[in-house]
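S.K.: Go ahead and model the full structure; you've got the sequences and the hints to work with.
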Amino acid sequence: MTPMLRVQGLTKVFGKGREETAVLREVSFEVEERTFACVMGPSGSGKTTLLHLVSGLDEPSAGAIVLAGRDLGTLSQRERTLHRRRTIGYVFQFFNLLPNLSVRDNVGLPLAIAGRGRGEVERAVPPLLERLRLAGRAGALPHQLSGGEMQRASIARALCGGQPLVLADEPTGNLSQKAGLEVMQALREVRDRDGRTVLLVTHNPRDAAFADVVYFLVDGQLSERVLRGPNLAVEAVHEALAALSI
Amino acid sequence: MGLTSSIARGSLFGRPARTILSILGVAVGIATVVAVFTLDHVTVFARSRSLVADFGADLEVRPKGGLPDPRDELVRMNGVAGVKAFFENDVGFRSVHRPLPPGTSSELVRLVALEEESALTLGVYRVDVGQDLSAATARNGVLVGRGLAQDFGLSVGSEVVLTQPARAAKSACVEGEMRTVEGADAPEREGAFRVVGILGREGLGRRANGRVVVTSYDAGRELLRDTFIDARFWLRRNPGVDLEALENGLERGFTFERNASRAVGQMADERAFRNGVRLAGLFALLLGLYVIFHTLSMSLVERVREVGVLSALGTTRLQIARIFFLEALFIALSAGALGLAGGLVFAHELLRRGITTLGVVSHPVRPFVVPWGRVTLLASLGVAVALFGSIYPILRARDTDVACALRGEERGRRAAARGFQIVSVSLLVLVVPALFFQVVPIIGAAEPALLGTLALGFVVLGLLVGLPLLAPQLFGAATSFLARPCERWMPLAGQLARASLSQGATRTGAAVAAIALVTAAYTGLQGMTASLAGEIEDWGERGVAHKVFVRGLPELPTDDLFRTLHALPEVRGVEAGGARAFPSFLLLGLRVDELARYGPLAQQPELAQALRAGRTMLVSERLARQRGLAVGDSVLVQTGGQGIQEFRVGAITDAYGYFPQPDERAYGVVDEREAKRLFCVEIERTNSIAVELAAGDAALVEAALRAAYPEAGALAVSGGREVVKVLLDDLRVDFVLFDIILLSTAILAGLGILNGQLLSALERQKELGILKALGATRGQVASMVLLESLVVGASGSALGCLVGAGLSPVLVSALRALSGLALPFRTAGVELAVGGLGAVMLALLAGLYPIFRMNRVDAVRAVRTG
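Protein chains in written order, with the working numbering: chain A, 1 to 246; chain B, 1 to 866.
Worth flagging that the hints you see were computed from the coordinates, not collected in a lab. The reader is advised that the hints may include incorrect statements.
Some chain B residues close to chain A (C-beta under 7 Å, calculated; not the full set) [as the list claims (entries may be wrong)]:
#1 Leu492
#2 Ile770
#3 Leu774
#4 Gly775
#5 Asn855
#6 Asp858
#7 Val860
From the derived model, a few chain A residues whose C-beta atoms are all more than 10 Å from chain B [stated by the list, open to error]:
#8 Gly17
#9 Phe29
#10 Asp58
#11 Arg84
#12 Asp105
#13 Ala112
#14 Gly115
#15 Pro126
#16 Glu130
#17 Arg206
#18 Val234
#19 Leu244
Heads up, the beta-carbon is just placed ideally off N, CA and C, and yes, glycines get one too.
M.R.: Shown next, in the form of structure tokens:
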């Protein structure tokens, strides 16, 4: 099976000269299709940077990223944008819903970006809202939602476009325990029910336990230690973290 | 002060584009009004050495007869502050330095003879180059009009010769018979004069299209001692005496006309023009202030988080208020200085190109005298209002929820500071205009027509300025609704544009209103100029369309000339232009038999008969309007030796009597024999004619004349349509100043939209980053902005065209009342479309820079931060 994502020798350096900082160093890994993968690491370990590179939002200093069969390094900025549009659904840490659009419109945004008509949006959105228990909040503006509701809306948006890969950047970072659990269950469903590939970055062991495979990023480098599921226990994740002194 | 100034400095110089555009918005508004006022001041500067803005003769009076010394009577009259005697006539003119073609003795020009220093005391003319007539130069000095100076290449010191017009044999009624008492072959009297000054285009300088000569009263009287002259007096009223009281005192011994424009040549339309220019300047100032008002008042929105952080760190509200105030002070003061300097440079350049508030002249206008007091006040007014615009963000900052601000949110849409908005509307619609008119008063009397137009203008202004401030949701909802159909073709752009238009309703409303104001001004002005042009075109059709005008002929026997021309089957009739008198208005003597071949006399033989019988006059439309004459009214005409004669108005028509040299559209026509009998004018010979044609053109007439009179030198032949075209071209050139001011206001409106879009871009950086992260391309971002601009432009354009089309008849009515012209109502057809499309293009253009800024948003930064 062709991996959904292959990262080879990925390096990202910020700054120049004396202020040069290597946030990622020679990171290599693969994510198979229909896999819930997780990259764990403490704050500042380069997790978010990794997601930005994988999604084509940023360019690596070195290395290669092959996403859904295409080498991002060979694409122009516009081609990367279009590839990202077709391939990736994004769930952000800070939700990043558009403040002027309702929940309904925010969820349907990927279809609008893809140029689909209003009719198609109106057919696609309600089932997602129903599924993520947002049907009653369809007309609300983001500032009227709770944190959990905003994040569920963000997940719905990530699903609406039908992209095969969902990237989730610390999706529970700003949520309560209960809300965070709901969000992780929803993400697990994305893999189990929709058959999509999920790549989660987190520092939360509970969240990592939802994954099929967990990689550990320490000081910009991937550890050799990998946890494989399914049904990983939270304790196993804690043990791994302790072993890595994270 | 350290915290305040460092944060303010960081904000100002950290966002240079926003700072520069904010400054420009106010500066352009201030510059326009400073330029307009300085332009007007310099234009009329030379009228009065005391720099009083505008004064002139209040009354023109004529003694009824029987007064031994009319002048002394006037000087002693209560309420009279100044008296100057004058008369006018046509005289022959030639330059010593430029001989006329063989066979031509002289050209006919308008002579005005008056007592010296009338310019100083009555302001009836202005000397542009050289010096005024004085006691030293009165004897043989003349002032010449600009038209004459150009045609003959005259300058100060040029020598000219004035010739008494050819005299008819003087007849007197003796025992019921007209008898010749003096032969017609008495030698022509001529006088040698020297040009001491060249007139400016105001007052007398506009008479006869600038082909005017001004001499001292005595010199003129000497030259024309055997010619009938109608001596009149200009009066200046003592301001402390009521005009009606003065007129009551005059009624015993004098006839009078109240409006000084009769004396100096259509001053009413000069006032109308100058007032129009001043109001256009006010409009530009208001638009500039309105634009910056909104820009400053929305500036908080992009800095919500900054305010939150400052508050969380312990900065007091007063300190935060100082930061905003300091920024506004910097912008306002910079704009005031830039506007003041820019306005003066602008005015200087316009004057250097001959563009004035009384039309366009062909030479630079000097000296450049700056009315520092008033322009500084105007600039200060602009600065003060711009500062006032900073109050709104200070109020909003005070109400900011710190926790939400730290998250970069603005909690909901706060209810606007209602009281502040009402005050703002009052400021822009009432206070600023009131202050403006204190600094820059309306010229002349506050006539009902003018006041009515002003009032309507401010109602419109109030609606367009007030609604976006008080009910922005209307604009937001309307524009959002208009953008809805676009979602079908551009789903993302349509959706986001709609959301932006309705959520940013205040910004949307301000942009729509700015575009609407400019479009309304443009279409209103175009409607007004279309009416002015229509008046000329209508008159042309009535009076000159089928005529050919010839001058420069040798003095030819009229009968021979007429016979020659009637040999052409295309010729309907001929009018000879030599029989002229000036009994307070131009009176022409024409051959009724010729006139009866065409026009109203051809259809009304009884009218022709009445004209032949005497005591009946045809009056031109303009003269009828000026004097309120109708058919059947009586016109009193002062003659030389036969007292006051009464004529009945037989018809009001422009079909007869017009000659382009010198240009005059207010005149009367009588039978030539009547003119000869009363005024001893020459009717047997002429050197200028007007030929009415059934077909053919000027070439036909010229060929016939050259064939018949080979000795004729350079003839000046022009068709009626050519004359109309020249007048229309003059009109368009004169209105170029309005076009310039409109361009300035269009720039202001564009700046306003650009500012609003930039603010929107800054507000939505995070949103734009998210869109890019989700796969939106640059083209889609650009489409969103352009769609918003298109909807704003189209809405403003439609609203503006509607308002402008409604304003146009009002402006025309006011101009009718002020100028006495018979202006038709004409809708600006093509101009409406041009104005509407132009407004849309302006809005689209204003969106280009914001698109550039939006596409530079870093998506990574946007999605990373909260």
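S.K.: Indicate, hint by hint, whether the structure satisfies it.
M.R.: Tested hints:
Satisfaction of the interface hint for Leu492 of chain B is found here, the shortest Cβ-Cβ separation to chain A being roughly 4 Å, below the 7 Å cut-off. For Ile770 of chain B, the interface hint holds, since its Cβ comes within 7 Å of a Cβ in chain A; the closest pair sits about 5 Å apart. Checking Leu774 of chain B against chain A: minimum C-beta separation of about 6 Å stays under 7 Å; hint holds. Here the hint on Gly775 of chain B is kept, as its CB sits about 2 Å from the closest CB of chain A, short of 7 Å.
The closest approach between the C-beta of Asn855 of chain B and any C-beta of chain A is roughly 11 Å, which is over the 7 Å cut-off, so the hint fails. Here the hint on Asp858 of chain B is broken, as its CB sits about 9 Å from the closest CB of chain A, past 7 Å. Below 7 Å, beta-carbon pairs count as interface contacts, and Val860 of chain B has one with chain A at about 5 Å; its hint therefore holds. No Cβ of chain B approaches the Cβ of Gly17 of chain A within 10 Å, the least distance being about 22 Å, so the stated non-interface status holds.
Distance check for Phe29 of chain A against chain B: the nearest CB is about 21 Å away, which clears 10 Å, and the non-interface claim stands. Non-interface call for Asp58 of chain A relative to chain B: violated, since the shortest CB-CB distance, roughly 5 Å, does not exceed 10 Å. Its beta-carbon lying about 5 Å from the closest one in chain B, Arg84 of chain A breaks the requirement of being farther than 10 Å from that chain. The non-interface label for Asp105 of chain A is inconsistent with chain B: the shortest C-beta to C-beta separation is roughly 6 Å, within 10 Å.
With a least beta-carbon separation of about 4 Å from chain B, Ala112 of chain A fails to lie farther than 10 Å from that chain, contradicting its non-interface assignment. Not every beta carbon of chain B lies more than 10 Å from that of Gly115 of chain A, the smallest distance being close to 6 Å; the non-interface claim is violated. With a cut of 10 Å on Cβ distances, Pro126 of chain A stays outside the contact zone with chain B, its closest approach being about 17 Å. Chain B leaves Glu130 of chain A outside its interface by the beta-carbon criterion, the shortest separation being 22 Å against a cut-off of 10 Å.
At roughly 22 Å, the least C-beta separation between Arg206 of chain A and chain B is larger than 10 Å, which holds for a residue marked as non-interface. A cut-off of 10 Å between C-beta atoms confirms that Val234 of chain A is not in contact with chain B; the least separation is 27 Å. Chain B leaves Leu244 of chain A outside its interface by the beta-carbon criterion, the shortest separation being 25 Å against a cut-off of 10 Å.
Checked against the numbered hints given earlier, this structure breaks hints 5, 6, 10, 11, 12, 13, 14; the rest are met.
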